[in-house]
Amino acid sequence: MSLKIKHSIYSLIIWFVVAIFLIILFFSGDTINTWGDNRIKTLLISALFFIGYVGNTVLWIIFRKRKNKIVKDERDDYISLKSTSAGFITTGVYIFTLTITLYIKYENAGSVPIAWVWFIAYSLFIVSYLSTSAFSLIYYYKSGK
Amino acid sequence: MSEEKIKNNIRIIRRGKVDITQDELAHFVGCTRQTIIALEKEKYNPSLSLAIKIAHILDVSIDELFTLE
Numbered sequence: 001m002s003l004k005i006k007h008s009i010y011s012l013i014i015w016f017v018v019a020i021f022l023i024i025l026f027f028s029g030d031t032i033n034t035w036g037d038n039r040i041k042t043l044l045i046s047a048l049f050f051i052g053y054v055g056n057t058v059l060w061i062i063f064r065k066r067k068n069k070i071v072k073d074e075r076d077d078y079i080s081l082k083s084t085s086a087g088f089i090t091t092g093v094y095i096f097t098l099t100i101t102l103y104i105k106y107e108n109a110g111s112v113p114i115a116w117v118w119f120i121a122y123s124l125f126i127v128s129y130l131s132t133s134a135f136s137l138i139y140y141y142k143s144g145k
Numbered sequence: 001m002s003e004e005k006i007k008n009n010i011r012i013i014r015r016g017k018v019d020i021t022q023d024e025l026a027h028f029v030g031c032t033r034q035t036i037i038a039l040e041k042e043k044y045n046p047s048l049s050l051a052i053k054i055a056h057i058l059d060v061s062i063d064e065l066f067t068l069e
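Those sequence lines, one after another, are chains A and B. Take the first sequence: its position 72, counted from the start at 1, is 72 in the working numbering, and no numbers get skipped. Take the second sequence: its position 60, counted from the start at 1, is 60 in the working numbering, and no numbers get skipped.
Chain A with its partners taken away, still in its complex shape (with noise of 0.2 Å):
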């Protein structure tokens, strides 16, 4: 299994992990309309992406070029690019679909929670890392691993 594989699977269980607490914190309770209200919830869920963050860079620093090892090539730019590209589209049709869900469903109201925009905000880095991360494994183990 080349390095990175590993980075792609090690970056996947992180925006998981994070995108699991996000879920579970904006969806518990009634989050959505006491956004303002509540400070320890805002908090925490910023904590929790500063840690998807640290993930990133932790993972940065041990994959990191090293003298005499050759960690990539032009195939793993090949596919890098791919999975952006693939990446990119997935999350604009999830903000595009979940944007659309939300007109539907206060169109009548007139307003949407603010708690909604930062819940696209944040899930918006997270279904990107989400996304390139699991399409660089789908095309490394389609080309091979």
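It should be emphasised that the hints constitute simulated quantities derived from the structure, not laboratory data. Among these hints, one or two may not hold up.
[Stated by the list, open to error] With a straight-line cut-off of 20 Å between C-alpha atoms, the simulated SDA-like cross-links for lysine to any residue are:
no.	chain 1	residue 1	chain 2	residue 2
1	B	K5	A	Y139
2	B	K43	A	K65
3	B	K53	B	H27
4	A	K142	B	I6
5	B	K43	A	Y141
6	A	K65	B	F28
7	A	K82	B	E42
Based on these hints, arrange chain B on the given structure of chain A.
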């Protein structure tokens, strides 16, 4: 742009004429062993520069190494 299938004889030439391991070939051409594996399984089409490097190490011409299917 559609990807065309390129067949190659890397495995045959590497094990027969030159007799080097995948690791050694990867080291000589500056790529990972996984890329050599993917090339030998014909699951990845190399760039022109990588193809030239491999041909050079295996001491054959590009035509002998790769054929367009």
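Cross-check of the supplied hints:
1. B:K5 x A:Y139: 17 Å, holds
2. B:K43 x A:K65: 25 Å, violated
3. B:K53 x B:H27: 11 Å, holds
4. A:K142 x B:I6: Holds: K142 (chain A) and I6 (chain B) sit about 16 Å apart, inside 20 Å.
5. B:K43 x A:Y141: Measuring from Cα to Cα gives roughly 10 Å; hence the hint holds.
6. A:K65 x B:F28: 18 Å, holds
7. A:K82 x B:E42: 18 Å, holds
Violation of the numbered hints given earlier is confined to hint 2; every other hint is satisfied by the structure.
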